[in-house]
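Q: Listed here are the chains, written in short residue letters.
There are 2 protein chains.
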Amino acid sequence: MLKSEDILSPFSITAKSSETKARAGVLYTRRGAIHTPVFMPVATQASVKALNDEDLKAMGVECILSNTYHLYLRPGTATLKQLGGLHKFMKWDRSILTDSGGFQVFSLSHLRKITEEGVLFQSHHDGSKHLFTPENVIRFQSEIDSDIWVCLDVCVRNPSDKKEAMGGLKSTKNWAERAIAEYHRTVPAQDIAQNPDGTFTVKHPLQFGIVQGSVYPDLRQEAAMHMRELPVHGYCIGGLSVGEGKEEMATALSAAVGFLPENRPRYFMGLGSPEDLWECVERGVDMFDCVWPTRTARNGRVMTADGNIYIRKTEYRLDERPIEEDCGCYACRNYSRAYLSHLHRSGEFLSHRLLSIHNINFLMRTMKIIRKAIEDDNFAEVKAQYLKRFNASKEK
Amino acid sequence: MLKSEDILSPFSITAKSSETKARAGVLYTRRGAIHTPVFMPVATQASVKALNDEDLKAMGVECILSNTYHLYLRPGTATLKQLGGLHKFMKWDRSILTDSGGFQVFSLSHLRKITEEGVLFQSHHDGSKHLFTPENVIRFQSEIDSDIWVCLDVCVRNPSDKKEAMGGLKSTKNWAERAIAEYHRTVPAQDIAQNPDGTFTVKHPLQFGIVQGSVYPDLRQEAAMHMRELPVHGYCIGGLSVGEGKEEMATALSAAVGFLPENRPRYFMGLGSPEDLWECVERGVDMFDCVWPTRTARNGRVMTADGNIYIRKTEYRLDERPIEEDCGCYACRNYSRAYLSHLHRSGEFLSHRLLSIHNINFLMRTMKIIRKAIEDDNFAEVKAQYLKRFNASKEK
Numbered sequence: 001m002l003k004s005e006d007i008l009s010p011f012s013i014t015a016k017s018s019e020t021k022a023r024a025g026v027l028y029t030r031r032g033a034i035h036t037p038v039f040m041p042v043a044t045q046a047s048v049k050a051l052n053d054e055d056l057k058a059m060g061v062e063c064i065l066s067n068t069y070h071l072y073l074r075p076g077t078a079t080l081k082q083l084g085g086l087h088k089f090m091k092w093d094r095s096i097l098t099d100s101g102g103f104q105v106f107s108l109s110h111l112r113k114i115t116e117e118g119v120l121f122q123s124h125h126d127g128s129k130h131l132f133t134p135e136n137v138i139r140f141q142s143e144i145d146s147d148i149w150v151c152l153d154v155c156v157r158n159p160s161d162k163k164e165a166m167g168g169l170k171s172t173k174n175w176a177e178r179a180i181a182e183y184h185r186t187v188p189a190q191d192i193a194q195n196p197d198g199t200f201t202v203k204h205p206l207q208f209g210i211v212q213g214s215v216y217p218d219l220r221q222e223a224a225m226h227m228r229e230l231p232v233h234g235y236c237i238g239g240l241s242v243g244e245g246k247e248e249m250a251t252a253l254s255a256a257v258g259f260l261p262e263n264r265p266r267y268f269m270g271l272g273s274p275e276d277l278w279e280c281v282e283r284g285v286d287m288f289d290c291v292w293p294t295r296t297a298r299n300g301r302v303m304t305a306d307g308n309i310y311i312r313k314t315e316y317r318l319d320e321r322p323i324e325e326d327c328g329c330y331a332c333r334n335y336s337r338a339y340l341s342h343l344h345r346s347g348e349f350l351s352h353r354l355l356s357i358h359n360i361n362f363l364m365r366t367m368k369i370i371r372k373a374i375e376d377d378n379f380a381e382v383k384a385q386y387l388k389r390f391n392a393s394k395e396k
Numbered sequence: 397m398l399k400s401e402d403i404l405s406p407f408s409i410t411a412k413s414s415e416t417k418a419r420a421g422v423l424y425t426r427r428g429a430i431h432t433p434v435f436m437p438v439a440t441q442a443s444v445k446a447l448n449d450e451d452l453k454a455m456g457v458e459c460i461l462s463n464t465y466h467l468y469l470r471p472g473t474a475t476l477k478q479l480g481g482l483h484k485f486m487k488w489d490r491s492i493l494t495d496s497g498g499f500q501v502f503s504l505s506h507l508r509k510i511t512e513e514g515v516l517f518q519s520h521h522d523g524s525k526h527l528f529t530p531e532n533v534i535r536f537q538s539e540i541d542s543d544i545w546v547c548l549d550v551c552v553r554n555p556s557d558k559k560e561a562m563g564g565l566k567s568t569k570n571w572a573e574r575a576i577a578e579y580h581r582t583v584p585a586q587d588i589a590q591n592p593d594g595t596f597t598v599k600h601p602l603q604f605g606i607v608q609g610s611v612y613p614d615l616r617q618e619a620a621m622h623m624r625e626l627p628v629h630g631y632c633i634g635g636l637s638v639g640e641g642k643e644e645m646a647t648a649l650s651a652a653v654g655f656l657p658e659n660r661p662r663y664f665m666g667l668g669s670p671e672d673l674w675e676c677v678e679r680g681v682d683m684f685d686c687v688w689p690t691r692t693a694r695n696g697r698v699m700t701a702d703g704n705i706y707i708r709k710t711e712y713r714l715d716e717r718p719i720e721e722d723c724g725c726y727a728c729r730n731y732s733r734a735y736l737s738h739l740h741r742s743g744e745f746l747s748h749r750l751l752s753i754h755n756i757n758f759l760m761r762t763m764k765i766i767r768k769a770i771e772d773d774n775f776a777e778v779k780a781q782y783l784k785r786f787n788a789s790k791e792k
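For the record, the sequence lines run as chains A and B.
My numbering puts the first residue of the first sequence at 1, with every later residue one more than the last.
My numbering puts the first residue of the second sequence at 397, with every later residue one more than the last.
Honestly, the hints are just simulated from the structure, not real lab data.
List of simulated lysine to aspartate or glutamate pairs, EDC-like, C-alpha gap at most 16 Å: (1) A/K88 x B/D715; (2) A/K368 x A/E275; (3) B/K487 x A/E320; (4) A/K81 x B/E716; (5) B/K484 x A/D319; (6) B/K484 x A/E320; (7) A/K91 x B/E716; (8) B/K566 x B/D614; (9) B/K477 x A/D319; (10) A/K81 x B/D715; (11) B/K768 x B/E678; (12) B/K558 x B/D614; (13) B/K477 x A/E320.
Whenever a hint applies, use it, and build me the whole structure from the sequences.
A: Right, here's the structure in full:
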């Protein structure tokens with residue numbers, strides 16, 4: 001079996017914060033460069049809800065996430081393969097990361113029976129039974145033809161006692177080794193090359209492992225130390241932000257990151273509030289995804305530098321200003337709060353599109369601010385200013 | 397009181413079919429030219445569902461319809477006035493026709509009490525009571541600041557006995573005179589001028605009257621003969637396509653059109669299937685609106701030259717073709733039937749946008765074919781070809 005040092009990760013760190021663990025960099029995939037720290041919008045069912053490729057590109061989105069679990073059930077990964085892969089299917093020519101399905105099997109499925117072989121689960125659509133194994137999940141991602149593949153893992157509920165957490169971690173570690181072996185069988189040619197200018201040329205999909213261990217720092221350390229020996233291009237931090245406290249999350253995260261190598265990207269799965277982004281970048285995280293900005297938009301909530309706004313409130317009925325004066329997103333360039341308030345109150349679909357654009361763009365802008373603060377090496381100061389302003393008032 | 401001949405209608409007929417009553421023309425408003433026969437998409441609540449101005453302009457939409465009843469209840473016409481009118485509110489700088497609310501009071505309201513003064517009704521949102529009068533409906537349209545205003549009318553159910561139909565018509569006639577008087581008080585300067593090149597310069601909103609009379613040809617004739625004496629810029633045909641048979645509709649329509657002057661536009665309210673468009677243009681209608689293309693799109697049904705398609709059917713799951721090869725709409729240029737089928741099956745909002753674009757574009761193309769057939773004076777032949785192909789197979 002290959003070891004970590006046998007493969008190259010196409011990730012270059014371009015700036016580091018001297019006072020924190022934050023770093024800025026570029027991850028290269030077959031589809032192009034991803035500037036980190038990065039936020040990845042979620043295309044759960046081959047669509048970032050209410051948006052399309054032009055909307056996302058206009059916001060500078062470089063990578064989206066799609067869910068293997070959902071795509072496997074509908075339209076089916078074999079179908080996707082027959083149709084030329086997910087990029088062609090949904091018309092998205094930039095990077096796609098697919099997760100492993102481990103989290104959805106845990107959170108959505110009606111049944112979850114973990115055996116040595118894999119995990120048996122029932123579809124949340126029709127109750128039909130299916131088996132995910134470390135090997136077939138790699139095959140499904142190969143059929144999807146995404147650019148970053150993730151190893152199948154076991155998520156445990158929160159709170160979990162240590163025994164349960166250890167059991168989940170044991171399977172996750174074992175399955176990671178099998179998933180990585182399967183990946184190297186599927187993608188035998190490791191043709192990643194670093195160019196003289198520091199960029200990388202990548203011709204095949206990348207693979208990330210997942211670090212589990214619940215809220216227990218020693219288990220997170222064990223998971224990280226196991227994973228860092230394996231030949232993967234990056235590391236997911238899974239099983240956090242599932243109900244544990246902020247302190248517990250930060251401690252578990254730091255325990256994991258502390259034992260991961262510097263030169264490969266770290267991806268915190270399922271996190272997307274501005275405050276969480278700052279906190280986790282500070283602790284060394286490079287990549288994020290979350291359905292939150294689009295889901296909260298559908299509920300009429302939009303982010304601004306001065307905190308969140310509930311657009312449906314009566315006070316916005318006559319407000320001719322855009323959501324944010326200096327935003328520049330498609331919604332803010334073209335529509336007033338009054339109109340957006342009316343659209344949401346009226347249940348109009350256009351509301352979902354416009355508010356989702358604003359919220360994703362807000363997170364893209366936040367990541368830009370974060371990257372600049374790392375480059376300017378004033379991360380702590382800019383973070384404090386940003387969060388002071390963002391949290392100055394309760395939701396308006 | 398002014399008479400019909402005292403005002404100019406900014407409508408020029410550019411071609412006539414020699415074998416039928418079909419004609420092609422241009423109606424000029426403050427916002428530009430509307431090429432007739434025209435289909436107007438419906439922005440019920442200040443939004444053509446799931447679409448925005450860029451989507452509509454890309455399809456060549458020249459005029460949309462919005463509903464006075466809905467705008468009056470939400471966001472309120474006084475609110476719209478304060479915000480600079482509906483065009484600015486929803487960001488649409490081409491023409492807007494507003495209907496009178498008569499149909500919605502009839503079809504949506506929980507209560508409808510018609511008195512000499514006007515119609516008392518309950519909001520379908522919250523049951524609150526409101527009064528529409530011929531005069532205040534003109535004021536509401538003035539606050540909306542639409543480009544074509546319509547007189548308040550009384551719709552009767554189908555079937556209605558003759559006495560009921562006569563009662564409705566009596567109020568409609570009386571209210572039309574009051575609405576027209578109110579319009580001329582509100583818009584005193586009649587500054588419509590015909591230019592040497594035959595186009596018109598229009599600087600104020602236009603007004604259309606409504607011809608009622610249920611399915612009774614003699615009542616339709618009476619309504620048309622009354623309306624043709626009044627100083628309005630065009631004529632709505634109301635109260636049809638509400639459940640009566642095709643034959644009854646055609647007879648009532650012809651009875652009305654036969655007594656309307658040639659040189660002013662005729663607008664059939666609430667009609668939008670391809671077959672109906674051909675049939676009514678043949679009988680001398682110039683303008684149409686309908687929620688049908690967008691509503692049916694949300695239900696997964698799309699129109700093609702070869703008939704309707706239910707995109708959700710299993711047979712489209714692997715179909716890499718666009719909805720229509722030679723369509724050219726945004727959906728057909730960019731997405732496969734397989735993807736659209738998946739989106740609709742998955743309940744994704746993007747499905748509503750893309751299928752609505754296709755259906756509206758299909759009607760815009762149909763109107764182009766109709767206009768060309770009138771110009772080429774082969775209306776009957778092209779109509780027969782079009783409908784033969786469209787109806788050749790049941791829904792696929």
